[in-house]
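J.: So you can see what is in the structure, the chains are spelled out below.
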Amino acid sequence: MLAFLDDPKVLHGIYALGALTLFFIGLYGLLAKRHLLKMLISIAVMELSVYLLFIGLATSPGETAPILSDGLTAFTDMADPVPQALTLTAIVIGLAVLGLGVSLAIQYHRLTGKVDVASMTELKEL
Amino acid sequence: MSWMLRLLFLAVSLSPAALLMAWDADLSWPLIEGVRLSLTLTPLAGFFLVLLALVAPLIALPMLRRPSDVPSLVLFVLLLIGMQLLLLAGDFVSFFIGWEVMTWSSYLLLLRSPRTDMVTSQSYILFNLASAFLLLAGILVFYSVTGDFLIRAATEVSRPQALSLVVLFGLAFLIKAGTLPLHIWIPRSYDQAPDLFSAFLSGSISKMGVYGLILLLTLFPDALTGFAGRFLNGPAVGYLLAWVGVITSIVATFKAISQEDMKRLLAYSSIAQVGYITTAIGVGSSLALAGALYLALVHTLVKVLLFISVAGIVLQTGQRRFNDLGRLIERMPISFFGVLIGIIGLAGMPPLPGFAAKYLVFVSLVDARWLLLLAAMILASTAAFIYCYKLVYAPFLGHANSPEAREAREAPWPYLVPQVILMGLLVLFGLFPGLAIDVLIDPVLVGLQMAPIGSESWAKLSTAYGGYDGVVLMLVFGTAFALVTGLFLLLRGRMRRAGSPHDLSFAGEVPTAETPLHYGAGMGRELRRIPLVGWILRQGTQGFYLGLAGQMRAAAALLGTLYVGRPQTWILIAVVVFALSLAVQAMMGGL
Amino acid sequence: MTLPLTPVWFVALPLLLAFASPLWVRLRLLMPLLVGTPAALLLLAFVLLPEVRTAPLLETIVIAPPLGIHLQLDSASWILVALISFAGLLTNAFIWLADGEPYLRDRRAFVFLLLLIAGCNGMVLTGDLFNLYVFLEIAGVSAYALSALRRDASALEAGLKYLIIGSVAAVFFLFSVVLVYLQTGQLNLAAIAVGFGEIPGPMQILIGLLMLVGLGIKAELFPFNFWVPDIYQGSHPAVAGLYSGLLVKVFLFVLFHLVFLLLADPKVVGIWLMGLGAATMLIAEVVALRQEDLRRMLAYSSLGQIGLITLALGFGVEATTAGGLFHMVNHTLVKLLLFLTAAVLLRSFVSAQLADLAGAGRARPLAAALFVLGALAVMGLPPLSGFASKLWILKGFAEAGVFWPVALILLAALIEAGYYFRWIKVLYDPSVQLQAVHPVGRLAYAPMAVAAGLIILLGVAPFLVDALFSEGAQALLDRGATLTAVLGAGS
Amino acid sequence: MHAVVDSLAMIAVSYVMGFLFYGFYRQLNARVQRRWGPSIWQNFFDNMKFFFKSETLTHGPMFFFGPMIIMAGAFTTVLFVPFLKDSDWLQGFSQYGNLILIIYLLVVGPLGNALAVGSSGNPFGVMGVTRGLTRLMGLEVPFFLGLALVMLQHETTSVHAIMAAQDGLANWGLVTNPIAFCVILLPFIASQNGSPFDVVGAPVEVYAGPRVEFGGRLLGVLMTQNMMMSIAKLVLVVDLFMGGATNILVLIGKAFALFLLTTVVSMVFPRLKTEQAVDFFWKVPLGLGVLAVILTVWLPSWSA
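Residue numbers (the working numbering), protein chains in the order written: chain A, 1 to 126; chain B, 1 to 591; chain C, 1 to 491; chain D, 1 to 304.
Simulated from the structure, these hints should not be mistaken for lab results. Some hints could be false.
[What the hints assert, rightly or not] Where chain B lies over chain D, by a calculated footprint (3+ residues, C-beta under 8 Å): (1) 42-53; (2) 71-80; (3) 157-164; (4) 210-216; (5) 278-285; (6) 292-300.
The beta-carbon is built from N, C-alpha and C at its ideal position, and this holds for glycine as well.
Please put together the full structure from these sequences, using the hints given.
T.: Here you go:
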């Protein structure tokens with residue numbers, strides 16, 4: 001019944017659509033929410049959507065994980081390993097940024113009691 | 001500061017003179033790829049170098065008076081180096097470098113005065129930089145036409161190119177020379193600059209604009225005639241330039257008359273004098289250029305003399321307004337003679353060389369048949385008598401109007417020595433009007449491939465329209481003066497000095513010390529009742545430039561609203577721009 | 001054992017030293033190493049220079065070709081690497097010698113400063129798109145953290161704002177990287193360049209725009225640069241100097257490196273980039289007119305110069321490109337000088353507001369004099385170095401007979417003069433007697449004096465270095481040579 | 001020796017002509033106003049009286065030297081105006097000068113006067129000087145324009161050459177260039193301090209004017225130079241427009257004719273305020289001058 005999903009075009013279409021939806025959700029959150037943590041989460045969501053897109057579009061139905069193990073000794077029909085490696089790296093970086101952001105936000109809250117990005121007015125044009 | 005440094009400074013101030021003596025070959029070295037700086041000494045530059053060589057040590061000497069201001073001295077040295085580079089430049093890049101060094105070092109010198117305010121300093125630097133950047137734009141256009149930066153006559157220029165070049169260069173030099181309506185920076189800065197530096201500003205730096213204008217003539221030998229043909233017996237474009245110059249002179253002269261401050265008056269007078277020079281350059285004939293150069297020479301000597309005298313007065317009294325001075329003739333006699341000789345030169349009266357210069361210009365105007373210009377120039381130069389008189393009357397004659405003026409002493413010797421030297425030079429050139437022609441001006445004219453004026457002897461100034469003999473004139477006048485004074489003193493009778501300064505015929509009353517007896521600033525106030533003069537004095541360009549500055553600030557405020565402090569706005573703008581350009585691309589590319 | 005002197009040290013050395021930082025604290029080597037690292041890198045750069053001038057140095061840490069970490073040091077990237085090392089050296093020396101704010105002198109600052117250098121070096125050197133992203137994030141994270149180091153409200157605000165906008169930029173950039181990989185299956189820049197032309201047009205545009213937004217935010221181009229003044233104002237001036245002097249330059253370089261490498265005909269994009277550059281320049285200069293805070297004013301001025309460099313590089317002619325590269329170097333020197341001056345003034349008078357600095361020229365004559373020098377150089381007044389590079393750029397435009405950028409550049413310089421000279425006038429205001437609150441050691445002026453000396457030297461004798469920039473411009477512009485060098489003659 | 005004798009002769013001639021002309025003027029003026037008036041020698045007597053006053057009040061050295069300068073200026077002016085043409089006599093040093101120089105020399109004297117007045121410390125005197133300079137500013141423009149027309153006509157600034165070109169009545173400047181004469185006529189009257197432009201030194205209406213502080217011998221000097229200067233100007237105009245004179249009698253005749261013309265004009269009009277005078281000069285004579293320039297310079301060049 002879900003065989004049509006085996007068609008890479010359809011599958012990729014769905015992935016792309018989903019990733020983009022996620023991207024726009026993140027973007028919406030980023031633009032509409034003023035809570036610092038919510039903004040950071042929105043950024044994380046946007047990043048995630050990009051990872052999803054990457055992984056999703058780089059694999060086609062029927063490909064196996066690119067790991068050589070028992071019985072699997074050839075590189076045929078394997079998914080491209082590069083996107084996955086890259087995504088892993090990107091996730092790590094994203095996490096680092098997110099961690100830094102959250103810690104800054106917490107420090108900021110402790111110092112000023114504010115979490116609202118709109119109330120950050122120490123630095124502004126005259 | 002040790003005497004070694006002082007000596008070094010004096011030596012540097014003599015460097016233009018040394019350069020003039022020692023220069024014998026051309027120099028050149030690379031700057032960046034495709035740009036070579038080259039230094040050479042043309043006759044024209046040599047003339048202006050002579051002016052610089054005369055003036056620099058004379059201003060350096062009083063600058064050394066204790067307590068000396070070391071940054072000022074350093075900046076003055078930089079300024080001198082810049083100006084020498086500018087004059088020696090054989091290519092436009094070194095010309096521009098010299099021009100800019102001159103601009104910023106003079107600006108920083110201007111800041112050394114405690115009186116300089118924001119408007120003055122900003123207008124000084126912005127006008128001068130505008131001039132510099134126009135010059136640079138012109139240089140780049142020139143470069144794109146000729147393929148290198150050498151200063152040489154551009155022959156293969158198309159009309160629009162030549163037009164843009166003339167406009168760019170012309171505006172640049174006219175700003176520096178301070179013609180109307182680009183003069184607004186001059187009165188303020190000459191007034192508020194350090195007193196001695198005002199002398200240099202007016203005497204030397206303003207001449208660089210003149211140098212540029214004359215250089216422009218050599219770049220485009222047919223620029224004046226080529227564009228719009230000839231008007232009467234002269235170039236039509238030059239006619240325009242000449243009117244610009246003459247209107248500058250007229251307006252500046254009337255403004256000068258109405259000033260109540262010595263340095264401001266001299267500043268406006270500078271504008272007017274440079275206006276004459278501009279007029280002469282506009283005429284463009286060999287006679288006129290000789291007149292322009294002669295005027296430049298005289299104006300340099302006279303203005304330096306006057307500004308140094310005034311600096312001495314300000315130093316000794318702390319006053320600079322006409323109303324606060326008076327009767328200094330008895331306290332500062334040498335300064336009085338300095339100012340007296342100065343104004344005689346400034347007014348262009350015989351027998352001083354100011355007359356020779358004006359004579360050449362007048363004759364060149366007659367020769368070009370531009371009589372209306374001549375009349376306008378006469379108006380300016382006759383009206384100049386009024387401010388000249390004001391300049392000598394208000395500080396030196398009349399009644400002392402402030403305690404400082406009553407107790408002032410003669411200026412210190414570093415101020416007097418330059419004055420005496422300058423007076424001597426003025427008298428020398430007055431005696432021998434042909435001297436300047438023969439030694440200084442004719443080589444330039446020959447260098448510009450124009451007919452030299454020539455002079456039978458140094459005592460004579462001779463043109464195709466006639467001339468005069470300076471020595472005879474001076475001798476006749478001197479003899480007459482001696483004769484008259486001698487005869488007068490031989491007459492029977494007694495001279496009696498009035499018992500008190502208040503012993504006056506004063507409308508039937510006896511004035512007291514409280515009676516306001518100094519005409520000072522009142523002089524020239526009646527002039528406003530003349531409709532034309534009143535109208536001129538009511539006009540001003542300051543409003544326009546202040547308005548422009550205001551518009552700039554408003555634009556800054558408007559654009560500043562873009563730079564809000566909210567990250568979401570930043571992101572929103574980025575996303576919107578992204579989406580919009582994508583959409584535009586999609587529509588254009590038919591996505 | 002001798003260590004091979006290869007470009008990888010530019011990235012590896014600071015990374016290693018940064019991560020081993022606990023050791024240095026113990027050994028009290030923190031400050032010497034902070035200064036020593038960039039000094040060593042600078043030395044390395046000069047050692048490599050003769051080699052680089054003959055042929056670009058390529059280094060591949062191979063996983064499986066074309067996968068692997070490619071580092072590529074050619075004449076253009078050499079300029080940037082040397083610049084990064086030098087700027088790092090000056091700033092770090094200032095931090096050491098000025099003996100000022102303790103938060104800049106502890107381990108965290110050490111780590112982040114070295115990471116910033118490593119990230120920047122990596123971005124410039126890498127020949128690989130994904131590594132570019134990684135280094136971009138390394139540099140980014142360390143920059144966010146550096147901004148927030150002071151940990152007061154304004155510093156944290158700056159750090160957070162920077163982090164938010166920076167992350168968004170990174171997401172956009174990552175998006176474009178993903179798309180490129182999906183389209184070409186390559187990450188090596190040279191390989192992508194070969195395949196880029198075959199990507200469908202709309203996709204090319206999408207990728208290009210994503211990259212433009214990502215790098216445009218980072219490189220402070222006009223519609224994406226509204227964050228800049230806030231961040232510069234909130235950060236310590238020495239750090240802001242690094243951003244303006246170093247980080248932006250790197251991003252600009254990366255942007256143009258990509259443009260010149262990926263596109264067969266960079267002119268198509270160049271005209272748009274020139275437009276952005278012109279807008280950046282003019283708008284920033286105009287807005288700077290009304291700034292009352294020194295750091296903010298310098299931020300806008302920095303934007304203006306970035307616009308100028310973009311304008312020059314976007315034109316893509318050798319003369320303007322060489323001039324643009326030269327101007328990058330000059331601007332870095334100048335902005336370092338100015339921001340370090342700002343740091344001295346800020347320390348001395350506790351405020352960077354115009355009104356509070358009136359008369360500072362008397363209390364801190366040396367700092368004020370250096371400020372004047374920097375201001376003159378940034379406006380491109382001879383005989384300082386800014387003039388030589390500006391002249392080179394303008395000459396390039398004039399040679400090509402294109403005069404609108406010339407007019408805009410000169411107009412911008414005039415506006416720039418409007419505010420710089422206002423500041424100079426106020427600094428030398430004679431009516432105010434200002435007293436310095438905190439002392440500043442004489443040694444703090446040493447790095448500034450070095451920068452000032454170089455500004456004068458490069459202004460008077462730019463012929464000493466002009467060949468480097470010409471070669472750099474050729475390396476940057478010559479797409480074919482790069483491709484051949486990386487992929488072999490066959491491709 | 002010749003030069004010395006010639007110079008002394010010129011000074012003497014101008015002095016004698018001066019007081020006689022002004023004596024006549026006072027007579028004529030009185031008759032027009034239905035008075036008897038003073039004798040024609042009265043000016044001479046007045047002058048001598050001043051010179052032999054036993055006491056003179058001064059206000060400092062400049063107050064004394066001012067009149068000396070103005071007198072020397074008057075002598076110099078006289079000596080640089082050629083009185084006769086085609087003659088060795090009464091030439092002074094005129095071959096060393098020119099028209100423009102003479103016009104400027106006319107101003108040197110007043111400058112000395114102004115210095116002395118300023119030195120006196122009397123504000124009314126300075127006010128008078130300022131008015132004088134203002135009037136000068138007004139009259140000089142059309143005056144010089146008219147002379148420039150003459151210079152252009154003869155293409156020289158040499159008075160000798162201009163005189164030499166006017167051989168015979170038909171070649172007089174008056175005939176060949178009448179419009180230039182009209183242009184200079186009124187400014188010329190003003191420069192002679194004639195009514196209606198004489199408010200500067202008006203002795204009756206305002207107790208002021210440049211000479212308010214002078215008395216005794218110094219006033220005598222001022223009076224003398226005034227008369228001599230007037231004669232110099234008259235002779236100059238005679239030279240330029242009336243063909244000059246070959247002997248002294250012709251000179252006196254022509255100068256007298258011109259003097260009569262100006263006198264008649266002066267007597268008819270009421271006195272103008274300074275600013276009115278200046279405005280008048282810039283409107284009427286200058287307008288006439290502009291017209292003259294257009295007619296005689298622009299039009300021929302365009303039609304050519």
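J.: Confirm or reject each hint.
T.: Status of the hints after comparison with the structure:
| no. | hint | result |
| --- | --- | --- |
| 1 | 42-53 | holds (count 3) |
| 2 | 71-80 | holds (count 7) |
| 3 | 157-164 | holds (count 3) |
| 4 | 210-216 | holds (count 3) |
| 5 | 278-285 | holds (count 3) |
| 6 | 292-300 | holds (count 3) |
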